[in-house]
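Q: Sequence:
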Amino acid sequence: MKITNHTKGIPISPILNALPESKEDLKKSFVLKKRLISISALCVGVAVAISLIAKFLVSLIYMVTNIAFYGTFSLKFHSPSDNHIGLWVILIPAAGGIVVGLMALYGSKAIRGHGIPEAMEQILVNQSKIKPAITFLKPISSAIAIGTGGPFGAEGPIIATGGALGSTLGQLFKITSNERKIILAAGATAGMAAIFGTPIAAVFLAIELLLFEFSPRAILPVALACITGAAGHHLLFESGPVFPMPNVAAPSNTALAIYSVMGVVVGFLAMGLTKTVYWIEDVFEKLPIHWMWWPALGGLAVGVVGYFAPHTLGVGYDNITSLLAGKVPLYLVLNLCFLKFLSWAIALGSGTSGGTLAPLLTIGGATGAIMGMVVNDLFPGAGVSIPMAALIGMSSMFAGASRAYLTSITFALEATMQSRALLPLLGACTASYLISFFMMENTIMTEKIARRGVFTPDSYEPDILKKMTVAQVMTENDVIISSENTITEVKEWLTENKEHDDHYITVGKDGSYAGILKTSALYVLNNEGTDLLKSAMIDVRVFLKNDDTLRMAVETMAKHGRDALPVISTNGSKVIGILTYQGILTAYKNHIDENETPNTQISLKRGRMKLLIKGRKLVNIGNVPK
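Take full-length UniProt numbering: the last position of the sequence shown gets the number 626, and nothing is skipped along the way.
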């Protein structure tokens with residue numbers, strides 16, 4: 001059989017050429033966009049619900065505070081620091097801890113902790129499934145813990161509650177685990193936006209701590225939920241910035257340098273703070289009493305500290321506002337820096353129900369204010385502003401402790417509406433983040449789940465398989481086998497040629513594409529080797545185009561149970577090569593090596609094609625086009 005003029009590839013056999021395009025592929029893009037609309041609608045619904053729950057939670061905290069410290073039934077805010085109950089203040093947080101312990105024991109142990117790590121763990125290891133009971137147990141337990149003096153903020157519990165509500169809704173509908181993750185993240189971050197009115201920071205929080213991806217299918221639903229949560233904040237709470245502060249002037253270069261150095265200092269403090277919290281948690285783990293009693297012990301410590309420093313009790317959003325106004329006396333700043341940290345670290349380590357963001361902001365703000373005072377005393381002409389120092393202190397503390405870099409910066413800007421603070425925030429948060437990144441393996445958000453063997457992604461790169469095409473990875477076999485050969489003939493040829501491929505393209509009598517031969521399949525057939533090669537060939541009806549992505553190739557192979565597929569030209573007239581799983585894995589590894597080691601290149605097989613026809617004669621048929 002004479003073969004000529006095949007330099008442009010192997011002609012497609014009629015059976016392959018006649019196949020229509022898959023309707024599923026044609027409708028895939030439309031279906032994905034339709035589901036995006038559905039998921040977005042669910043996320044907005046969750047955001048509306050969580051906004052109302054946020055209002056309920058804050059009101060419940062106020063009510064518990066008024067009952068516990070003032071003996072009145074009221075939903076108005078009264079700071080627990082203004083109480084006049086004397087030594088009884090020591091027992092109130094302990095009583096709250098007993099209630100939380102009982103709720104954790106007989107309700108759900110998942111209410112313990114500050115919310116975000118627990119949500120991260122469910123996303124990473126449990127397909128974003130959170131027990132529905134958390135939706136009401138978490139806000140109630142947190143309201144009791146905070147209302148009785150716990151030094152936490154309302155944002156951690158509402159983030160956990162929003163995540164639980166989103167996860168519960170996701171479990172009621174037939175959706176994928178990734179879609180459930182999106183709804184969980186939307187509920188959690190909508191809760192943050194509802195408490196603080198900071199939708200952009202909430203979106204960044206989702207990206208940096210919950211979603212572990214950046215794509216339209218994830219960002220759009222979460223963004224809509226955060227916008228809805230922020231609208232709920234303006235409707236149910238207040239319309240202005242949550243932490244108003246006097247307008248700050250644009251910093252001089254000297255002041256900007258000092259603020260950046262402050263970020264370095266805060267970075268080291270954030271590292272020590274994180275390690276201290278988990279050291280205290282380890283101490284509680286060693287206590288010879290049931291964990292149900294730990295929140296009561298933590299509450300007792302909160303009460304003792306609160307007796308000597310009443311401003312350490314409760315949420316303390318008013319303390320943050322005072323720090324940013326630059327009007328807090330030095331002794332109170334020192335209390336908020338050291339005693340608030342002591343109270344919060346012991347309470348959080350005890351496993352009670354609370355949050356981390358507000359305490360970190362308070363401690364960081366107080367630290368920044370102290371450093372600002374010191375700098376002004378030593379260098380009066382440096383131009384350092386106490387409110388600005390407090391702002392960068394609280395933001396860089398959160399950046400260093402959580403490594404939520406963009407969240408920290410945007411939160412400070414949105415919560416105060418001080419655009420001139422951007423450069424100082426950028427310098428300080430970057431410095432704090434660098435210290436945390438190089439000096440601390442895990443963060444305050446990831447240490448707990450890391451100890452349980454849960455790995456948290458720390459980078460969000462585009463899908464490599466979507467960036468590479470089939471044409472970049474396919475193999476252009478240098479040997480083509482005729483389907484008219486018998487199995488015995490091909491086995492003999494393979495035996496003679498010890499170095500051979502795992503797959504070969506085969507052609508029919510007319511030289512057109514006939515299928516793919518998997519060499520290992522020849523040795524498992526129940527025959528005497530006299531059958532034609534057709535009996536060992538892979539179905540020819542599944543194929544790839546050279547401009548398809550590797551992601552599409554992997555999906556096609558998995559769907560049809562193939563480990564190799566033919567590649568046809570874009571116009572669909574010629575078979576130009578073959579793609580195997582091994583080739584995809586090799587390309588993936590080479591891509592990683594190329595980015596980690598300079599000058600590493602993907603090695604693709606190119607060369608001349610030969611044809612093994614009946615009688616085992618090899619005929620050159622020209623160069624394969626690249």
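If you're looking for bench data, these hints aren't it; they were derived computationally from the structure. Here the structure is a predicted model, which means the values were calculated and not measured. Every residue gets a Cβ at the ideal spot worked out from N, C-alpha and C, and that includes glycine. Careful, some of the hints might be misleading.
[What the hints assert, rightly or not] Simulated crosslink set (DSSO-like; lysine-lysine; CA at most 30 angstroms straight-line): (1) K33 - K109; (2) K109 - K131; (3) K131 - K286; (4) K559 - K129; (5) K33 - K55; (6) K129 - K545; (7) K109 - K448; (8) K574 - K545; (9) K129 - K76; (10) K109 - K129; (11) K466 - K34; (12) K589 - K559; (13) K466 - K286; (14) K76 - K327; (15) K518 - K448.
[As the list claims (entries may be wrong)] Ranges of calculated distance between the beta carbons of each label pair, as one might list FRET restraints: (16) S215 - A257: 50 to 56 angstroms; (17) F455 - A558: 22 to 28 angstroms; (18) L235 - D593: 50 to 56 angstroms; (19) L236 - S419: 49 to 55 angstroms; (20) K466 - I289: 52 to 58 angstroms; (21) I85 - A249: 41 to 47 angstroms; (22) H290 - R452: 17 to 23 angstroms; (23) L235 - P132: 25 to 31 angstroms; (24) S74 - I37: 42 to 48 angstroms; (25) V283 - L102: 43 to 49 angstroms.
Q: For every hint, state whether the structure bears it out.
A: The hints, checked one at a time:
Straight-line distance between C-alpha atoms of K33 and K109 comes to about 38 angstroms, which puts the hinted pair past the 30 angstroms bound. Proximity of K109 to K131 is assessed by CA-CA distance (about 11 angstroms); at most 30 angstroms being required, the pair is judged to hold. For a cut-off of 30 angstroms, the pair hint linking K131 to K286 stands: about 28 angstroms separates their Cα positions. Taking the CA atoms of K559 and K129, the gap is near 26 angstroms; set against the 30 angstroms cutoff, the hint holds.
At most 30 angstroms may separate the alpha-carbon atoms for a hinted pair to count; K33 and K55 exceed this at roughly 33 angstroms. Restraint check for K129 and K545: the C-alpha separation of about 38 angstroms exceeds 30 angstroms, so the hint is violated. For the proposed pair K109 and K448, the alpha carbon gap of about 15 angstroms is at most 30 angstroms, so the pair holds. A distance of roughly 10 angstroms separates the Cα atoms of K574 and K545; the hinted pair therefore holds under the 30 angstroms criterion.
Restraint check for K129 and K76: not satisfied, since their Cα atoms lie roughly 36 angstroms apart, outside the 30 angstroms limit. For the hint pairing K109 with K129, the CA-to-CA distance comes to about 15 angstroms; that is within 30 angstroms, so the pair holds. This hinted pair checks out: K466 and K34 have alpha carbons roughly 21 angstroms apart, not beyond 30 angstroms. Pair hint K589 plus K559 holds up; C-alpha atoms about 23 angstroms apart against a cutoff of 30 angstroms.
Simply put, K466 and K286 have alpha-carbon atoms about 49 angstroms apart, too far for the 30 angstroms limit, and the pair is violated. Distance hint between K76 and K327 is fulfilled; the C-alpha atoms sit about 24 angstroms from each other, no more than 30 angstroms. For the hint pairing K518 with K448, the CA-to-CA distance comes to about 48 angstroms; that exceeds 30 angstroms, so the pair is violated. For S215 and A257, the hinted distance range of 50 to 56 angstroms is not satisfied, since their beta carbons lie about 38 angstroms from each other.
Roughly 24 angstroms separates the CB atoms of F455 and A558, a value that falls within the hinted 22 to 28 angstroms. In this structure, L235 and D593 meet the distance hint of 50 to 56 angstroms, their C-beta atoms being roughly 54 angstroms apart. Between L236 and S419 the beta carbon distance is about 26 angstroms. The supplied range of 49 to 55 angstroms is therefore violated. Between K466 and I289 the Cβ separation comes to about 53 angstroms, which falls inside the hinted range of 52 to 58 angstroms.
At roughly 43 angstroms, the beta-carbon separation of I85 and A249 lies within the given 41 to 47 angstroms, and the hint holds. For the pair H290 and R452, the supplied restraint of 17 to 23 angstroms holds, since their beta-carbon distance comes to about 21 angstroms. The hinted range of 25 to 31 angstroms is satisfied by L235 and P132, whose Cβ atoms lie roughly 27 angstroms apart. In this structure the hint that S74 and I37 lie 42 to 48 angstroms apart at CB holds, the actual value being about 44 angstroms.
Restraint check, V283 to L102: a C-beta distance of roughly 22 angstroms breaks the suggested window 43 to 49 angstroms.
The structure is inconsistent with the numbered hints 1, 5, 6, 9, 13, 15, 16, 19, 25, although it conforms to all the rest.
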